[in-house]
Amino acid sequence: MAKRFRRIDRTENNPELGSLYAEMIESGLGERVPLNWFTAQAERPDILAATWKLVKGVLLQGQLPPTVKQMILLKISTHNQCRYCAALYTSALEAMGVPKEIIDSVTEDLSLAKVPPPQRAILEFAMKVAREPSSVTDEDFRRLRELGLSEGETMEVAMMGAFANFINTWADVSGIPVEGEAES
Amino acid sequence: MSRFKQTKDPRGNTALEALYKEILEAGAEGSEPGVPNNLVTSLSERPDLLAPTWELFKGVVVGGVVPSTVKEMILMAIAMQNDCQYCSVAHTRALEAMGVPTEVIQSCTSDPELAQVPPLQRAMIKFGLKTARDPKSVTDDDFQTLRDHGLSDGEIMEVTMLAAAGNFLDTWAHVSGIQVD
Numbered sequence: 001m002a003k004r005f006r007r008i009d010r011t012e013n014n015p016e017l018g019s020l021y022a023e024m025i026e027s028g029l030g031e032r033v034p035l036n037w038f039t040a041q042a043e044r045p046d047i048l049a050a051t052w053k054l055v056k057g058v059l060l061q062g063q064l065p066p067t068v069k070q071m072i073l074l075k076i077s078t079h080n081q082c083r084y085c086a087a088l089y090t091s092a093l094e095a096m097g098v099p100k101e102i103i104d105s106v107t108e109d110l111s112l113a114k115v116p117p118p119q120r121a122i123l124e125f126a127m128k129v130a131r132e133p134s135s136v137t138d139e140d141f142r143r144l145r146e147l148g149l150s151e152g153e154t155m156e157v158a159m160m161g162a163f164a165n166f167i168n169t170w171a172d173v174s175g176i177p178v179e180g181e182a183e184s
Numbered sequence: 001m002s003r004f005k006q007t008k009d010p011r012g013n014t015a016l017e018a019l020y021k022e023i024l025e026a027g028a029e030g031s032e033p034g035v036p037n038n039l040v041t042s043l044s045e046r047p048d049l050l051a052p053t054w055e056l057f058k059g060v061v062v063g064g065v066v067p068s069t070v071k072e073m074i075l076m077a078i079a080m081q082n083d084c085q086y087c088s089v090a091h092t093r094a095l096e097a098m099g100v101p102t103e104v105i106q107s108c109t110s111d112p113e114l115a116q117v118p119p120l121q122r123a124m125i126k127f128g129l130k131t132a133r134d135p136k137s138v139t140d141d142d143f144q145t146l147r148d149h150g151l152s153d154g155e156i157m158e159v160t161m162l163a164a165a166g167n168f169l170d171t172w173a174h175v176s177g178i179q180v181d
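If you're matching them up, the sequences are chains A and B in order.
If you're matching positions, the first sequence starts at 1 in the working numbering and goes up one per residue.
If you're matching positions, the second sequence starts at 1 in the working numbering and goes up one per residue.
Next comes chain A alone, as it looks inside the complex (with noise of 0.2 Å):
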């Protein structure tokens, strides 16, 4: 695939770039530079400033455990056949210390059986979210209060399943390589 956007590492001349860099650094989004996700939009730092406050904001901040945020992650990634963000959560859960057998459920069995009934309800809300947001019902909702999250969480749940498309959106279409990977 040709590169679609120009992927930009170094920031000298251009601090608005190097600020925000820093920051995504600074919050473990990358070592030297930022992700393919981000650099990749290095061409718009006022898109780039944008999108980086709804990950903060969503994925990096809130009330539900980083954990079961980056298994939503997964799980709607390998629906969605985003092998850039498959790759990326599991990564991530790895490295949480999620074990292995979870981390299996998430991706390739449909019933989660691996993955505890609350985080699973969780998933199963979030996938529907994603997949067909018209479908979720009161039901729905009732499931996950009766589990005991709050009106709150619930709402943080919904809009991870938001999230996640979006982020394999522009991972989709920026055709960016994973992480490590060279450019194909």
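Everything labelled a hint here was simulated from the structure, so no lab data went into it.
Bear in mind the structure is a predicted one, so any value in this text is a computation, not a measurement.
Backbone N, C-alpha and C fix where the C-beta goes; we use that ideal spot for every residue, glycine too.
Certain hints may be false.
Listed next, the in silico EDC-like pairs over lysine to aspartate or glutamate satisfying Cα-Cα at most 20 Å (straight line) [to be verified]:
1) B:Lys126 to B:Glu155
2) B:Lys5 to A:Glu153
3) A:Lys56 to B:Glu45
With beta-carbon atoms standing in for the labels, derived distance ranges [said to hold, decoys possible]:
4) A:Arg143 to B:Gly99: 41 to 49 Å
5) A:Thr137 to B:Asn13: 27 to 35 Å
6) A:Ser134 to B:Asp153: 29 to 37 Å
7) B:Gly150 to A:Asn13: 20 to 28 Å
8) A:Leu60 to B:Glu113: 37 to 45 Å
9) B:Gly99 to A:Asp104: 54 to 62 Å
10) B:Gln106 to A:Ile25: 42 to 50 Å
11) A:Asn14 to B:Gly150: 23 to 31 Å
12) A:Ile25 to B:Arg133: 30 to 38 Å
Far from chain A, some chain B residues (derived; all Cβ distances over 10 Å) [claimed, not checked]:
13) Ile23
14) Gly30
15) Gly34
16) Val35
17) Asn37
We have chain A already, so just place chain B on it with the hints.
This is chain B only, laid out in the frame that chain A set:
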């Protein structure tokens, strides 16, 4: 009927009050004077989630270099594709307020060929629809089509992000169950 509590009066909640003020100044008023639209108020229980949603909207929909009318046409076509009543009504009203002719608006909502839409805008809307429907299906040829129309990479990026943001907002409108303003 919204599934989430909608706070109309943010007084006493500093974070929400500041957000509502900024959002109203940007023109996102709902049907009641001085209260933001339902999409905004349906997020009031979690100002920490409203803030990044607003930042995305501000950066990709309000800001940018693509003309507002074209952005609204893209968002309108995607809302129709997603069967999102809340969003299609909101974008129709926005296009009407901007003075876009009725036949152009109707072409965005009900004509897959977009015959009444000028060629450049038509190409942008089609790219946005494809991105929103099946991002994996977007090809290098689709990029080339927009470049042949004179769009820069930065402008193509903006169209892509608009489409992704359109899906994001439509998803929220569906799941929250908000009513048309």
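Right, here's what the structure says about each hint:
no., hint, in the structure
1, B:Lys126 to B:Glu155, "holds, 15 Å"
2, B:Lys5 to A:Glu153, "holds, 13 Å"
3, A:Lys56 to B:Glu45, "holds, 18 Å"
4, A:Arg143 to B:Gly99: 41 to 49 Å, "holds, 47 Å"
5, A:Thr137 to B:Asn13: 27 to 35 Å, "holds, 30 Å"
6, A:Ser134 to B:Asp153: 29 to 37 Å, "holds, 34 Å"
7, B:Gly150 to A:Asn13: 20 to 28 Å, "holds, 27 Å"
8, A:Leu60 to B:Glu113: 37 to 45 Å, "holds, 43 Å"
9, B:Gly99 to A:Asp104: 54 to 62 Å, "holds, 56 Å"
10, B:Gln106 to A:Ile25: 42 to 50 Å, "holds, 48 Å"
11, A:Asn14 to B:Gly150: 23 to 31 Å, "holds, 25 Å"
12, A:Ile25 to B:Arg133: 30 to 38 Å, "holds, 34 Å"
13, Ile23, "holds, 15 Å"
14, Gly30, "holds, 19 Å"
15, Gly34, "holds, 24 Å"
16, Val35, "holds, 19 Å"
17, Asn37, "holds, 17 Å"
The structure agrees with every numbered hint stated previously.
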